[in-house]
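Peer 1: Letter by letter, the chains look like this.
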Amino acid sequence: MNCQECNQRPATLHFTKIINGEKTEVHLCEKCAQEKGELFMLNGGSGFTFNHLLAGLLNLDTSFQQQNQDAFHQEEVLQCDHCSMTFQQFIKIGRFGCSHCYEAFKEQLVPVFKRLHGGNWAHNGKIPKRIGGGIHLRKRIEEFKNQLKDLISREEFEKAAVIRDEIRSLEKELNGSQEGGE
Amino acid sequence: MSHEHFINQAISSWMSEEGPDSDIILSSRIRLARNFNEYNFPTLYAPEEAKEIIIKMEEILKKLDVNQFGRMELLKINDLQQLEKMVLVEKHLISPQLAESSPYGACLVTENEDVSIMVNEEDHIRIQCLFPGLQLTEALKAANQIDDLLESFIHFAFDEKHGYLTSCPTNVGTGLRGSVMMHLPGLILTHQINRIIPAINQLGLAVRGIYGEGSEALGNIFQISNQITLGKSEEDIVEDLHGVVNQLISQERSAREALRKTSNIQLEDRVYRSYGILANSRIIESKEAARCLSDVRLGIDMGYIQNTSKNILNELMILTQPGFLQQYAGGPLRPHERDIRRATLIRERLLLELDKR
Ligand SMILES: [Zn+2]
Ligand SMILES: [Zn+2]
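The listed protein sequences derive, respectively, from chains A and B. Per my numbering, the very first residue in the first sequence carries number 1; after that it's consecutive. Per my numbering, the very first residue in the second sequence carries number 1001; after that it's consecutive.
Derived from the structure by calculation, the hints contain no laboratory data. The beta carbon of each residue, even a glycine, is placed where N, CA and C say it ideally should be. Among these hints, one or two may not hold up.
[As the list claims (entries may be wrong)] Computed spacing ranges between beta-carbons, pair by pair:
#1 B:Gly1276 - A:Ala122: 30 to 36 Å
#2 B:Ile1054 - A:Ala122: 29 to 35 Å
#3 A:Arg9 - B:Arg1253: 46 to 52 Å
#4 B:Ala1258 - A:Arg9: 45 to 51 Å
Model the full structure from these sequences, guided by the hints.
Peer 2: Below you can see the structure in the form of structure tokens.
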């Protein structure tokens, strides 16, 4: 059986994931599992309650990235320009220095978040009121646009048309809400 | 109201009131982690920043509508005695981390202690709502209300992609940790717990004992909490936790029924022996006390013991912790002295129950 992600390498990791009570069979090669952040879940998901494990977990992650990075340029220090925390320091203590660190380290963080949060990497919850309703709408539009691409690639044009109309009406709503202010 | 109020008032509402499914669920807690946008995280903030945060919280407290959540008091950790800090930790009002390693820490607490806001712990702000019994949804509602209220004064660190930004990547997104404290003696006595815990872990939830160290759970009391804070809505996180907790409740209930069927007299014997120890011993270690309290509570829930209030387990588990014992003794006690105090306190508490009859 080939890896369901890349369809190239043979799948060496087989497991069932349970998300919201639904079982899904997953078959991955080692490389894709690493990228998708599944390896850590395999090696005993129970461990990730403990913060001290986090440092180890982040280290594991960078050892992979380090190899890639070193090949291109050496000694480039990734650092938050607001609080001066370096990515290496972050790995060591497992804590961010300030809210800007999230932006500064964002390339490195996606696999970390995936591993810590059951494959998730994007927020899907509460939004402060001051930031406003626009975000909610934009998020839904984005989701629909992804669906649209999917449907078109599968040549399901009838369904795609329905989604396209949804997007249009949401975009209208979004423009309306912005004209009206927050 | 002063800080003595929280030290001397031994019983918080979550300990004394009975909530839904209180034969198994002792309490439900929701915690929301939040940070000020303009300050560095407590990981490396400057003392000036920490002090400014405290001042801001004091100002906000003055402006708060006191009728909405009851009166709130701000306690600064550095103003507290060592024993007083221990008591607040044992009452679950503040974390050990806030008590021990947050020099600029503070805590806002409501009079009945169902809401507490920790300031300058791992994050600038941690809103906690602690309700008796299984009331996760209610606790989430209360926490959200406080969050909305604070949000009208504070620009929280938030970005569209990652949600609420926290010091530790394990809390990012919703910043929400829901946890339920459960009494599971049936699953222990029927040896099912070791099979169940890994299954719960697989669902992205953590299980641990809250009293005792390592894997042992003193008093057969376990805490179940979510680990995933990112990518799911607050409601979904709570609902998923709720689902698993409901499963556990029904498994615990069937374990208790099975015990009644297969070993009724043995169980009754065990319950009354434990009652005998609690009612008569002159020296008792915390481990033995916890085991006996768990047995007696099970005896009450299963009807072997009548006319004794259920909350003696919650209450005495807290009151017989070292901080409380020493606070009541009026000063530090050596371990052996604590064991004597503990035995006395438990005997007196049980006598109170007899007087009530
Ligand atoms: Zn692959
Ligand atoms: Zn930073």
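Peer 1: Now, for every hint given, state plainly whether the structure supports it.
Peer 2: Going down the list of hints, with the structure as the test:
| no. | hint | in the structure |
| --- | --- | --- |
| 1 | B:Gly1276 - A:Ala122: 30 to 36 Å | violated, 58 Å |
| 2 | B:Ile1054 - A:Ala122: 29 to 35 Å | holds, 33 Å |
| 3 | A:Arg9 - B:Arg1253: 46 to 52 Å | holds, 48 Å |
| 4 | B:Ala1258 - A:Arg9: 45 to 51 Å | holds, 49 Å |
Comparing the model with each earlier hint shows a violation of hint 1 alone; every other hint is respected.
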